[in-house]
Structure formats: structure tokens, C-alpha cells
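One line per chain: the protein sequences are F and R, in this order.
Residue numbers for the first sequence follow the numbering used here, beginning at 26 and rising by one.
Residue numbers for the second sequence follow the numbering used here, beginning at 6 and rising by one.
I should point out that these hints are in silico values taken from the structure, not numbers from a laboratory.
Incorrect hints may have been included.
Using 25 Å as the maximum straight-line C-alpha spacing, the simulated BS3-like pairs for lysine-lysine come out as follows [claimed, not checked]:
hint	chain 1	residue 1	chain 2	residue 2
1	F	220	R	110
2	R	53	F	230
3	R	566	F	145
4	F	220	R	57
5	R	562	F	152
6	R	126	R	45
7	R	491	R	414
8	R	441	R	517
9	R	566	F	141
10	R	110	R	52
11	F	317	R	491
12	F	230	R	57
13	R	517	F	220
14	F	172	R	318
15	F	220	R	126
16	R	537	F	172
17	F	235	R	52
18	R	295	F	172
19	R	441	R	345
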Amino acid sequence: MNKTFISFIVFVGGLLVFHNVVFPIFTPKEPGMILNRYVYFLLIVAYLIIVNIALRLKPPISLNATVVWSLGFYFYKFILYPPVPWTLFITYMMLWSIGTFLYISQDPETFREFRKPIAKTIVGEYKLARIVIFTLLPVLVGFGTYKAIYPTFQEPVELRTVHPAPPATTKVHGKNYVLESARNPYRVDEQDNYKDSFPFLDADKNEYMKNVTEGGTVFFQNCHYCHGDQLNGLGMFSHVFNPTPANFIDPGTIAMLRESFLFWRVSKGGPGLPNESTPWSSAMPPWEEHLKTEEIWKVILFEYWYTGWHPRTFDTEESYIGQFEKEGKKPGAH
Amino acid sequence: MNKILTIKLSRLFFMSALLIAVSIPATLFAAPQPPDAVKKDLLDKGKKVYYKRCVWCHGVEGGGDGPSADRLFTRPRNFIQGTFKIRRTDSGELPLEEDLITTVKNGLPGSAMPAWGEFLKEDEIIAVVNFVKTLVQDRSFDDTDEEVNIQEFGSNPWGTKGPYHLGIPQEDIDAGKEIFIKNKCFECHGGEGRGDGNPTMKDDWGFPIVAADWQQCWNFRGSRRQAFDPFNVVRTVSTGLNGTPMPNFKDQITVEDRWKLAAFVNSLCPRKNIDPLANKPVSDFLISSKFTEGKVATSIADPMWQSPDADPKIKAWPEEMKDNPKKHYIAMSGQITRGKRNFDPKADNLWVSSRWSSEENAVYYLLEYHIRFLSSDPEYPDAVAMQWPAHLQDLFGAEKPYFIFGDSKKPVDVWRASFLAKDYNPTNAPNPEGYKLDIKVDEFNGRGFDALTPKEHAPTVEVVDSIFHQGRVKVLLKRSLTNENKETDVQIPSEQFIPVSFLQWAGADKEKDEHMALSTWFYTILEPPLPKSLYYMPPIMAFVFIGLQGWLVWMTKRTRKMYDEGKVKRDIIPK
Numbered sequence: 026m027n028k029t030f031i032s033f034i035v036f037v038g039g040l041l042v043f044h045n046v047v048f049p050i051f052t053p054k055e056p057g058m059i060l061n062r063y064v065y066f067l068l069i070v071a072y073l074i075i076v077n078i079a080l081r082l083k084p085p086i087s088l089n090a091t092v093v094w095s096l097g098f099y100f101y102k103f104i105l106y107p108p109v110p111w112t113l114f115i116t117y118m119m120l121w122s123i124g125t126f127l128y129i130s131q132d133p134e135t136f137r138e139f140r141k142p143i144a145k146t147i148v149g150e151y152k153l154a155r156i157v158i159f160t161l162l163p164v165l166v167g168f169g170t171y172k173a174i175y176p177t178f179q180e181p182v183e184l185r186t187v188h189p190a191p192p193a194t195t196k197v198h199g200k201n202y203v204l205e206s207a208r209n210p211y212r213v214d215e216q217d218n219y220k221d222s223f224p225f226l227d228a229d230k231n232e233y234m235k236n237v238t239e240g241g242t243v244f245f246q247n248c249h250y251c252h253g254d255q256l257n258g259l260g261m262f263s264h265v266f267n268p269t270p271a272n273f274i275d276p277g278t279i280a281m282l283r284e285s286f287l288f289w290r291v292s293k294g295g296p297g298l299p300n301e302s303t304p305w306s307s308a309m310p311p312w313e314e315h316l317k318t319e320e321i322w323k324v325i326l327f328e329y330w331y332t333g334w335h336p337r338t339f340d341t342e343e344s345y346i347g348q349f350e351k352e353g354k355k356p357g358a359h
Numbered sequence: 006m007n008k009i010l011t012i013k014l015s016r017l018f019f020m021s022a023l024l025i026a027v028s029i030p031a032t033l034f035a036a037p038q039p040p041d042a043v044k045k046d047l048l049d050k051g052k053k054v055y056y057k058r059c060v061w062c063h064g065v066e067g068g069g070d071g072p073s074a075d076r077l078f079t080r081p082r083n084f085i086q087g088t089f090k091i092r093r094t095d096s097g098e099l100p101l102e103e104d105l106i107t108t109v110k111n112g113l114p115g116s117a118m119p120a121w122g123e124f125l126k127e128d129e130i131i132a133v134v135n136f137v138k139t140l141v142q143d144r145s146f147d148d149t150d151e152e153v154n155i156q157e158f159g160s161n162p163w164g165t166k167g168p169y170h171l172g173i174p175q176e177d178i179d180a181g182k183e184i185f186i187k188n189k190c191f192e193c194h195g196g197e198g199r200g201d202g203n204p205t206m207k208d209d210w211g212f213p214i215v216a217a218d219w220q221q222c223w224n225f226r227g228s229r230r231q232a233f234d235p236f237n238v239v240r241t242v243s244t245g246l247n248g249t250p251m252p253n254f255k256d257q258i259t260v261e262d263r264w265k266l267a268a269f270v271n272s273l274c275p276r277k278n279i280d281p282l283a284n285k286p287v288s289d290f291l292i293s294s295k296f297t298e299g300k301v302a303t304s305i306a307d308p309m310w311q312s313p314d315a316d317p318k319i320k321a322w323p324e325e326m327k328d329n330p331k332k333h334y335i336a337m338s339g340q341i342t343r344g345k346r347n348f349d350p351k352a353d354n355l356w357v358s359s360r361w362s363s364e365e366n367a368v369y370y371l372l373e374y375h376i377r378f379l380s381s382d383p384e385y386p387d388a389v390a391m392q393w394p395a396h397l398q399d400l401f402g403a404e405k406p407y408f409i410f411g412d413s414k415k416p417v418d419v420w421r422a423s424f425l426a427k428d429y430n431p432t433n434a435p436n437p438e439g440y441k442l443d444i445k446v447d448e449f450n451g452r453g454f455d456a457l458t459p460k461e462h463a464p465t466v467e468v469v470d471s472i473f474h475q476g477r478v479k480v481l482l483k484r485s486l487t488n489e490n491k492e493t494d495v496q497i498p499s500e501q502f503i504p505v506s507f508l509q510w511a512g513a514d515k516e517k518d519e520h521m522a523l524s525t526w527f528y529t530i531l532e533p534p535l536p537k538s539l540y541y542m543p544p545i546m547a548f549v550f551i552g553l554q555g556w557l558v559w560m561t562k563r564t565r566k567m568y569d570e571g572k573v574k575r576d577i578i579p580k
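Bound-form chain R, shown alone (with noise of 0.2 Å):
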């Protein structure tokens, strides 16, 4: 008995040894090895897995010509020459079993693949990720003549923790940056990481792509569902993205600068609080609109108008940005309901930030929104605009207008800037000055999606600045509160929630009147100022209370006195 305990006990050993004999150096020196082989055995349940679930994207043979392939943006993954983006094994090289695994649970974020590891059992993503191997026709997950080098990352050097990954030193920041000028990053991902770089850039099947916009890091194919990660960046800009134009730099960059640049592109992503089913942003549901004593500046570079895209209760404002509105954060999709839709919007949300005077009798709206290239094309402008109930008296209680351009018996009234850079084409090198815009406000109001008509009394809001800059349009819009339109423009009150709603045009995907993004009704309120009792009467409450402690002392003392001279019994405790 003892004795074979004693082999088996050492030939336990003598394996163990041997496996870590095996692994150390194929870990510490990335030595080349085979693919991940398809497990033969669970290809049955995989198969199940891929045509209930996959199929309606990918295809019958996995080329990504699903049902649904034409109606998205970016299209699935063909899966037929073995090309997957995000792997942890060299450029060009095959995915490890690991890497799939992961991509299934987690999704693609910004895509419309979801994430399947809360949906899915583990054995059924193993088996349907095996079954995908085998729809790789080209290249083969069993060839000897394969191999994938596993790519050695480091670790974080600053120890960062998720969700927010802050608090990364300035330094290696700005170290970041120069690296990603010195390789040229901005070539394809714009002065500015908005990915407005390059505006013809093809993937391996010939479909148009674009390139990351990493000011939304929450989009990153590549996030794993933890957006502000560094990693993720480290490891797309070491492996490459199989498939697209964007390439590895793995000798180009050191492992420890490939984390300061990571660093960089992270550093522009704004830290707002991510909806972790969604993993998408939670929208600021209540545009509240800050009380300006005096006149509100006019100048969207006015220091008036800056605010960091961060959440102030995550990453704490500069000083002099703290009596600054918040840029409220508005989710945005296509216009997918009625008439012509628009499946794949260009902007996938807008930031609002707003001012209002009462001296100037006079609300400000800041819009923002992302978009890489604009239109050169006059019969298609690019546009944003503002969306009110045109009657706020008669909406009772939360009742509102159908929030696509009205109904009948409820009409909205609708702001829209339309606009074309001026000097502007796509493929301009990145302009520090950004582009000044030909912009143009329309208002009409809406009875219906179908039913739009135009204002005719002389317009009433003013587009007082605007630019477009490093793939970002901002514009500033002004109206009066309240003006004798009562019949066609909303009457603007102070201190009231009011229903709103944004919309917004690509003029480069020929976008036209129903064909839109857009939001769902938001509020807006214009805030009072703060009131003057905020000052005084907090000291004075204090004061009172310190008056009444007083008298608690004196009544105290009093009582003990009169126990002291007797001329008060003290109550007497039965025995």
C-alpha cells in the first residue's frame, strides 16, 4: 500500500516538475507554440450554442453575413479567414482558446455583439467558441504548421484600481503623449483621440471602418467590460487588431512605454459613472441650467463655458471650474421607429451643458457631440438640435409630445442648427485651430414624424458661437424665455421641469429629416440663484441654539441650587 502511494506520490512529482519545467520558459520567453486545438468532443453542443444564438449575425458558414449583418455598423466578425481582433498572441496570428472565451462573455462593446457570460453557461461557451474554430475555413486551429506567440504584457506599474483607474502620475501621462506623437497615432485617431483622423479606411474585407474614438472608452471592442482599464490599450497596441488597419507596435514601443501610452489614451476617456448592463454611461437625466448673475459670455472658449467631462464626484473639478455648469451626458441612438430609420448613427451621444440669465431675459445651451468627419455637401449639412413642447401649459401632469417631432394634439417646437465647416475636407491633416462653421438655425414645429412645418415669423434663437474642432462640434445656442410666439415657440419658465429632447444629423451618412439620432425626453430646469438665506440663517440658528443651551444651564444650575438649600425635595426613591 505504502509503497505504491510512494510512486504515485513521485510520479506526481516527477509530472508536476516536468509540466512547470514546460511552462516556465513558454511564459518567460514566449516560445512559439500550436494553436489551441478544437476539442473534437464538444463540437455537438457548440453547434447547438451557434445556430440558436450566433447564427442570426454571423452566418450559416460564420462569414458574418447574418440576417442582420447588413443593418450594422460595425458589421460581425466573418469568421471564415480566422482573423479575430482581440487576441493576447502576435499580430496576425490566431486567437488563444482563452482569448475567445473571454470576447464571448464579455462582448464587443459599441458593437451589437453582447456579452454572453451572464447568459450563457461556462461549458456552453467553451463549446460554442470551439464550434467557431471550426468555421475558420482558410487557416486551421489543428495545423502543425500554425503557432501563436503569447505576447508578455508587464503589469500595471502604478497599481491603479479599477472601475476609475485613477490616479496615475501626471508625468507618465505626458510621457504618453509624446510617444503617441512620435509613432504618428494621430493619423488615424485624430489630433485628439476622437478618431477623426482618417476618413478611407477599409478593414480586410473591403467594409469602410473607423478608427477607436478614445474619449469613449466604454466603446473599446476590447474593454472586457472595464472601460478605464489601461491593459485593454497595452494589449491592442502590442497585438494589433487582426483584420483592421490598425497595427501592432510591439517593436516600436517598449512594453514600459506602451503603458505610459495607455496611460495617455486613457486619460482623455472622462470618468462618469458606466451602467453596468448597458456598459454604457448613465445619462444625467435633469439638465439643470445655472443661474449667471449679469450676462452670460458669448465665447465658447470663455473660461465661462469650461467644465470637464467628469463626473465631479468621481475625479474631482480644477478650482476654478467649480461654479462652472456640468456637462450632462445624453445617450443617443438611431431614429429606428418611424419612417426612413437610421440603424447606425454616427454619434452615439451629446454633452449639454447651460446658462441662464434673468437680467439678459435669456437661456444658453452648450451642445457637444463626437462625430469624426463632417459633410462637405450642401444638400446634406450636418445638424443638432433642440426639441421642446411647443405648448407647455396644456401637457398635464408628465404627459409630453411623441418624442419623435410631435403628435397631432401635442406639437413641439424644434431648434435646429444646421451647419458646414468652412475650408473643411476629411482629409485634412488635424487642425489645432479646429473649423469655423457656416451654421444656420431653423426652427419649426412638429405635429407628427411626418408632419413638420416651418416657422414664419422672424427666428428667435441665435447661434451666438460654434466650431468644430478635433472631431467634436460644439454650439452654443441662445433664445429669450419667454416671446409673444405663444403659439408656436415654447415659453421657457424659470425653477419648472421642462421635457427635452435632442436630435442630431450626419451630413456624411446623408441623414435628412426623420433619418436621425436621437434622444428620449430629458428635463431641463433653470435653477434659481442661491437664496441670500443661505447666509444668514444658518449662523443665526447656531446663535439661537447657543442661547438655548444657555438657558439649559441656567435652569440646571438653578434646580441644584434649590436641592442644595432645601427648598426643593429631590425625589425620594421607594426602598
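One chain only, chain F, in its complex shape (with noise of 0.2 Å):
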């Protein structure tokens, strides 16, 4: 048999199998060892050369180019992770293409060889080739032509600021408040005291367990449709709206907030947001229709808690518990 032949055979059946039966173990379900899948490829590309090297085969150039080139194919299509844009891929694989280009010119001799196999079929000297050839193309391209002609639409993209620069103050219920300095009346004492407490059984126990009880139970009335019953803002109505809620279990939402942003955003709702955040599709209620100041100061003590994040401060502020400064008690003194 035909040693290019048996050459071509190598590459695609090994591919074939390498890329159903072996791929799949290098790339399991939970993400592991993301560095496999990189092994994975290294490992065809050693069988490609061992099996080669071993049975003596000496691909022509033409081959090998072929070979090169699906190789980096291959490598930009499935193996690079996370997946590339579409038009980055364009860009690699013209990179790619040069590259396998100047490996076939490297020399003249080579650059001859490469183009026998080409000229071979042009003239009708491999003569199945030349018609399984020149029928496909053109195929293709009328395919081609009709694909780009199809009319399809899709949706436009819409980009929105998910955490837009608050404002100075807020007026809520009559009441002026500077963002800077608003602090939440209700965080009388270091949270994590209580991260072991119960809601309701230790309410009439302690304070602060009696507001995040109320807290959390202006939160299930009103908050967990959307926001969730975990926080997590897959709430049993999240899916209908687009923004979706917030994620507070995420580090990226309340995590990285001061409560008086919070305090501002649930006051005000999605009607408040500036045009960047597309006010007009959040389903986010101005909250002080619907909920006195302190329930929405004990609903963010709420959250907190829940999720066992602490609010953000300034770097030059001590983590500040309002009622001790009030009372002229250093912070944390407890």
C-alpha cells in the first residue's frame, strides 16, 4: 500500500479517535486540571511524529502541510480554552496559514514538491481527484453564495452598567442623606458575633438578631422573587427579567459596596438608575414606595448577615459600627 496513503490514514483516524475517546478524558465535566487539555495536544502531535518516524513513512510535503496546518486548525477550534471570538479565530488561523505557508517555501525543492500533487490534479494526471475537486468547489461556493445571501437577524446586543457611580445624596422619605457618610443606624455591633445565631429564636435575646430577623422577613416578603430564596439572585421570577437580578452571594455585588450605595439602589429602584443602566427594563422597585427607611436599612443588615460579606469601607475609616461612634466608644471596643 501507498505510504502516504497509510500516512493520511495515521493522521485522520488517530484524530478521529484521539478526539472522541481521548479528549473526553482529559476534559472531565467538573472543571480539574484546565492545563490537560494542552497535554491532550502535545500527545497527538508526539503520536503524529512517533508513528511517522516508526513505520518509516516519509509524508510528501503536501501532506505534511495538510497535517501542519488542520493541526493548528484543530488547536485554535477545540483545544484553546476559553474559546476564542469568532474573529479572533480568523486572525489566528491567517497567522497560521502564513506560518504553514513559509514551512512548504522554505526551500525551493520543497515548494516544488508541494506543488506536484496541485499540478498533478489540475492537469487531470490523478484524474478521480481532479472530479471529486473540481465538482465540490464550485458546490461550495454556490453554498457559500446562498448562506450569505439568507437574511437572519439577530436580537442587538444590549451593554448596561450593572454598579453606576452614585449619586451625592438621596432624599428618601423626606430625609436628605450624603452617600459618604450614611452609615447603617442598625449595625450596632461586629457581624460576625452572630454568624452562629438564629433567626427568630435569638430575636428577643439581642438587638442585632432581632433586626436581621426583621430584615429577613421584609427580604422573604418582597425580595426573594427575584433576588432568591438563597441570595443568589435566581429568585422564582429572576429568569423573566432582563437585567437579571443581582447575585449577592457573588463577590462583585454587595461584597465590593458601601450600605449607603445599597441604601441608594433599594430606595430608588430601577426608575433612579441613570440611562447607562437602562432604568427602563429594571424590574427593581423604588423601595420607599413600599418600605419605611428602617426596613430598608434592616434588610440590608439582612443581607449582609445572610451571605456573611462585610459591607465596604474606605481604607482610611476603621470598620465603623454607628452606634459606638455615636455613644463616643472607639470602634470594635466590645
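Put the two chains together into one complex, using the hints given.
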């Protein structure tokens, strides 16, 4: 049998087996060693080199070029992780194609050898190949034209700012709050002291848990529909809305925001957002319409207690504890 | 040393033989066994989890009366009586610990109970389940008189695979339908399974309850996040749902027949791509309006308007429907933002298909949604509406009016079809003919959720056909693309993305004004007709390419000839 043909079979068959059998082993469902995919790729390359050398196949330069080019395609399409966008893929493949061409044309001999089968196909020395290629290509061109002309519509992409810059002050229930200095009046103690306390059961034993319980009660009567029983933004109505409700478990939301920012967002809701945050489709109510000021602060207290996050503070201030400051005690001295 | 090992091995062998001997008959003959006793050592941990995560709905004593309970439909479970819906044990019996763990892990789709499997650790889930067992007061998991019989369900006879479980033979589905009729499932679940059979049902605690809508299987409480798996139906039919009017059919229907019944129930549920996080179908955010040659049919029954609910990418459509518009899935929720809020909407989705005709200069929208029971109170009619930006030309970029009836700067144009069904009574037997609707359209502009103004000019939107059939409302709306009321009416251009949203009022729930169900903004586009060039350009390009190939052959041959005749020298490779 023709050695070139064997080499071709080694490549196509090997790639099929590797891709369908070995690849899943290297890419388990649970994210593990992400580098494994690259080890897998090196294995394919090693397999091809070793088999070709061991069997002394000496494939012609045209087949080598095809293999090199295809491996590049395979790498960018399936191996590279996370997957690159389509435009970037095209750019990478252009570079890869240029590289492959440089490899072919490294000296006139290899270049001539590379051209030889192509010229033979064109003039008809490889009859079957000519028939197949010369019928297939026009069909592909026709099909490509059809795809290009066929009108398709995809909804426009909409970008939005998730955490817009807050205003300097906000007026809630007739009272003005300066966001930079506004404090949660119910944060009277270090939150971590209560992480093992029970809402309801400990509510009459201490003030802090009483406020957490009341805040939780407000949350589970009003907020859980969107923000979820787990505060992860997956409430029973969350899938309906776009933008999707905030996930408080995520380190990118309440964990990096100040309580006064939350107070402003909760009080003014969607309609209080600037235009870059798409106020027209936010389902967040301006809660000042439904809740009292105290209830808003308590629900914020609850959200931090439940998730275990601490509100963000400025570097210059110590973690503040509103009530203690007022009483002239040092923060944290309890 | 060896001796000890031998003794140990033989003991091990003896123990496992004993275990097998005990467990085989237990599974084969489903002998009664005591319920899984409470694991006392886990209770401290379980209590911690319960009072942090569960108490808000299920209440301090597990009575299903936490702060959220009154605003939920279905209400949270009351644990006190030990009544658990999703089990593998006989009707009326306590569940297995494994059943409760699976419930906590997967949540109860269609209710507020979320899936805790990705949130809590395995040991926390086992602990909290054991704590919940101690909240049962009227009976006890430690009671020696209690017994549970684990049911045998057999296995999926067709070996179908998730997520969509397609490929069950039609004759089994048809046989399932016979079983459905014979056992009178329609009395509660309705003639086509939309849960529209009985409006008066109550659960064990006297709260109103409705039968499952089989065409929305992602809301099956026991679906275990595998919406299309027929096993869920087999289990429910075999064990019943404790605390609800759903009985068990263990003795009436053989296991084989229960699988066929399940196949029928499942075949009704449209195959849609289910979002694994929300456990609901993914909304079709672009509603494309199909260009129609000539006139659009004005009857909902016309073949032009028949499209399957299933996604054609998942389940192929019949040939004769290939060119019909797709039914777009629109997720709905209660309006829980402004004014009088609606925490328990009666429709949680809506299906929209659309056609337009340049000959008629008109666009048609067919709105469909499931609702179990209609209102018969003229003061609270049922209604469904489409909401548009009234001044499309004033919107810049992604800008839209506020999604609840617009805002002061950007008004909306609302087309609302309000209706009462003729000769309808919620307690009527299933009516295969459906009910004609006494329907009228009111058009109004909104400049805020509390600022609605009826239009003064003559109506422009027309209901060309409508029906209420077996728990599903269908309304076909028509409007001209443009008209002279530029101030109040949306002017609909073709080939442009136009924001649109949907509103729905359930009269039986006394919904009115902003007390409604709604969707977020979607986009609609009037698709242009397929360009004529689609038919001639591809062959032209192919022929041009064939010409190119011919030229290439000619060129290559000529070069060869010139080499052979010595007219041109081949490039010489330096040695």
C-alpha cells in the first residue's frame, strides 16, 4: 500500500480516535486541571511524529503541510480554552496559514514538491481527485453564496453598567442622606459575632438578631421573588427579567459596595438609575414606595448577615460601627 | 496473623451474605419496613441550617407559615402532619430520607423552593433533612408502628435519554391516551392536560390548589430538574401526592401502563431548551414576523397559523408546517414592582407568533397563553395586551420606555384585548369545541404605571379571531403598519428591531390595572421577503467558479507544454 496513504490514514484515523475517545478523558465535566487539554494536544502531536518515524512513512510535503495546517485549526477550534471569538479565530488562522506557507516554501525543492500533486490534480493526472475537487468546489461556492445572501436577524446586543456611580446625596421619605457619610443605624456590633445565631429564636435575646430577623422578614416578603431564597439572584421570577437580578453571593456585588450605596439603590430602584444602566427595563422597585426607611436599613443588614460579606469601607476609616461612634466609644471595642 | 485474617474475611462474607439476603427480598417484594429513623447526632447541624435557610418560608415550627408564606402560591410545605408530596413510598406514607434529600437538592420546580444541591454541602443537606423530620409532630419517623412500602416502578421501557426523551413510539403514546381517558385524569387535569379540570380543589389544609399543567412539565414539582423524564410521571401516578387531591393509581394501572400513560403526558410538553439555572425554558428574545405573500388568514384554525410549540431544532416540525412562523416563548412574571403588586400570577408564560403582509399593510400577532379558569365577572374580565413604545422615532440606541406602562418622557402604546367567554362556567366538563370570546380591544397610552390615558381616536387594533379552548386562550390581533395617529400610535417599520412587551390579567384572580402579569422588553422584527437573488446568485457564482477552474487547467497545461517544448526553462535548483 501507498505510504502516503497510510500516513494520511494515520492522521485522520488517529485524530478521530483521539478526539472522540481521549479528549473527553482529558476534559472532565467538573473543572479540574485545565492544562490537561494542552497535554492532550501535545500527545496527538507526539503520536503523529512517532508513528510516522517508526513506520518510516516519510509523507510528502503536501501532506505534511495539510497536517500542520489542520492541527493548527484543531488547536484553535477545540483545544484553546476559553474558546476565542470568531474574529480572533480568523486572525489566528491567517497567521497560522502564513506560517504553514513559510514552512512549505522554505526552499525551492520543498515548494516544488508541494506544488507537484496540485499541478497533477489540475491537469488530470490524478483523475478521481480532479473530478471530486472540481465538482465539490463550485457546489461549496454556491452554497456559501446562498448562506451569505440568506437574511438572518439576531436581536441587538445591549450593554449596561451594573454598578453606576451613585449621586452625592439622596432624599428618602423626606430626609436627605449624604451617601459618603450615611451609616446603617442598625449595624451596632460586629456582624461576625452573630454568624452562628438564629433568626427568630435569638430575636428576643439580642437587638442585632432582632433586626436581622425583621430584615429577613422584609426580604422574604418582597425581595426573594427576584434575588432568590439563596440571595443568588435566582428567585422564581428572576428568569423573566433582563437585566437579571443581582446575585448577592457573588463577590462582585454587595461585597464590594458600601451600605449607603445599597441604601440608595434599594430606595430608588430601577427608575432611579442613570440611562447607561437601562432604567427602563430594571424590575427593581423604588422601595421607598413600599418600605419604611428602617425596613430598608434592616434588609441591608440582613443581606450582609446571610451572605457573610462585610460592607466595603474606605481604607482610611476603621470598620465602622455606627452606634458606637455616636456613643463616643472606640469602634470594635465590645 | 493469617488466622485472624481468615476469621475477619469469613465474618465479612457472612455479614454481606446476610445483608444481601435481607435486602433482596426487601426490594423485590417491597416488604414493609420502618421509616428511616432520625439521625440524632446530625440535629445540631441541621437546626443551624434550618434556622438560617428554611425558616423564612417553612416557619419557626415547620408549619409552612414563615413570613413569606402568605404571598406564595403554592404555599410552603407544612411539615407538622408529616405530609410529603414527592416520595417513592406508598400513598399516605412517610417518605424515605433519600426522597427528602433529593427534594432539597433539586428544589420543587414551579414553586419558590429552590434547588439547594449547589448551595449547601451534602452533609448539611442530610443534616437539615433529619432536622425537618423532627418537625413532624403528628407522626414520627422513629415510631415502630409506622411502616413504609417502597414501590417498584420498573425502568424506562424505551430506554430514552435526557434531556428531551424523544423517540417513544406513537402507539405507546396513543395507548397512554386511552389510559388517560379510562382513568378520568381529565376531571382534574383537563381535556388536553392544562390542569383546567376542577376549579374547586383544596389541599389538606384547606388552601386552594390546582392540578398540574402537563404542557408545562418544567413546573412539575417532582421533575427533579429533568422536565421531560417520563419517570417523574410514573412515580407521581404510583405514589400520589400526599396532602393534595392527587390519588395514587398503583392498583388501578399496571406498571407497564403507567409508563405508557407517562409517555402520553410527556408527549404533550413542548420540547424547549431549558435554562439549567432557572429551570424554565429560555425565552425567544426576538419575535420574527413572517413575511406573507398576499393576505394573511384571519382564522386561528387556518393551516397558516398552525405551528408546533416545540423548538424545530430539538424536534423536527411536520413538513406542511415548515414555512409557518415559530411560536416564540415569552416568560412572564407577576408585576411586583409598582403600585398594587401581583405575587401570584396565573400565567407564567405566553406564546407569540406573527405574520405580516405588505399587500394589506398590516401585521398580525397571535397571542396564546395557558390559564386554567376564566373570570365570569364583567367587572374583572380576563385580558392580554401588547405594549409598544408610542414614539419609536424618539428612542435613541437601546433606549426604551419604562416597562411598566412607560414614563413621562417616553410614552407607550398598549393594545389590550379584554374578554369574557360565552356560555362558560369554570365547573363545566371539558369542552372540545372551546368557547367563543366576547372580546373587545381598548387602546391606551401610558406615561407611568399610574398615568394611563385612553386614546380618543377610532380603534385601530382589531381582534380578527379568538378562542378559549381547554385551558388555553388564543387571540389574533391585527393592525395596519402605519396610520395617521402619529402622536398616540406606534408606527411599525419593517426590517427594524422594535421593542415590544406583553401584559396579562387573570380576571378570576381579580387582576386589574397594574395588578397583572408582565414580561420584560422583547424585540420584534418584520422580516423582509426572501430576496429573489437567493435563487439565481448561487448558481451564477458556481458557474463563474467553474469557469475559473477551466482557466486554471488551461493555464497549467499551457505552462507544461511550454516546458516540454523547451520554450521556457524550468527553475533550476542550485545544488
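Hint check:
no.: 1; hint: F:220 / R:110; in the structure: 24 Å, holds
no.: 2; hint: R:53 / F:230; in the structure: 17 Å, holds
no.: 3; hint: R:566 / F:145; in the structure: 14 Å, holds
no.: 4; hint: F:220 / R:57; in the structure: 10 Å, holds
no.: 5; hint: R:562 / F:152; in the structure: 15 Å, holds
no.: 6; hint: R:126 / R:45; in the structure: 19 Å, holds
no.: 7; hint: R:491 / R:414; in the structure: 16 Å, holds
no.: 8; hint: R:441 / R:517; in the structure: 22 Å, holds
no.: 9; hint: R:566 / F:141; in the structure: 15 Å, holds
no.: 10; hint: R:110 / R:52; in the structure: 17 Å, holds
no.: 11; hint: F:317 / R:491; in the structure: 42 Å, violated
no.: 12; hint: F:230 / R:57; in the structure: 17 Å, holds
no.: 13; hint: R:517 / F:220; in the structure: 44 Å, violated
no.: 14; hint: F:172 / R:318; in the structure: 18 Å, holds
no.: 15; hint: F:220 / R:126; in the structure: 18 Å, holds
no.: 16; hint: R:537 / F:172; in the structure: 14 Å, holds
no.: 17; hint: F:235 / R:52; in the structure: 18 Å, holds
no.: 18; hint: R:295 / F:172; in the structure: 19 Å, holds
no.: 19; hint: R:441 / R:345; in the structure: 31 Å, violated
The structure does not agree with the numbered hints 11, 13, 19 stated previously, though it agrees with the rest.
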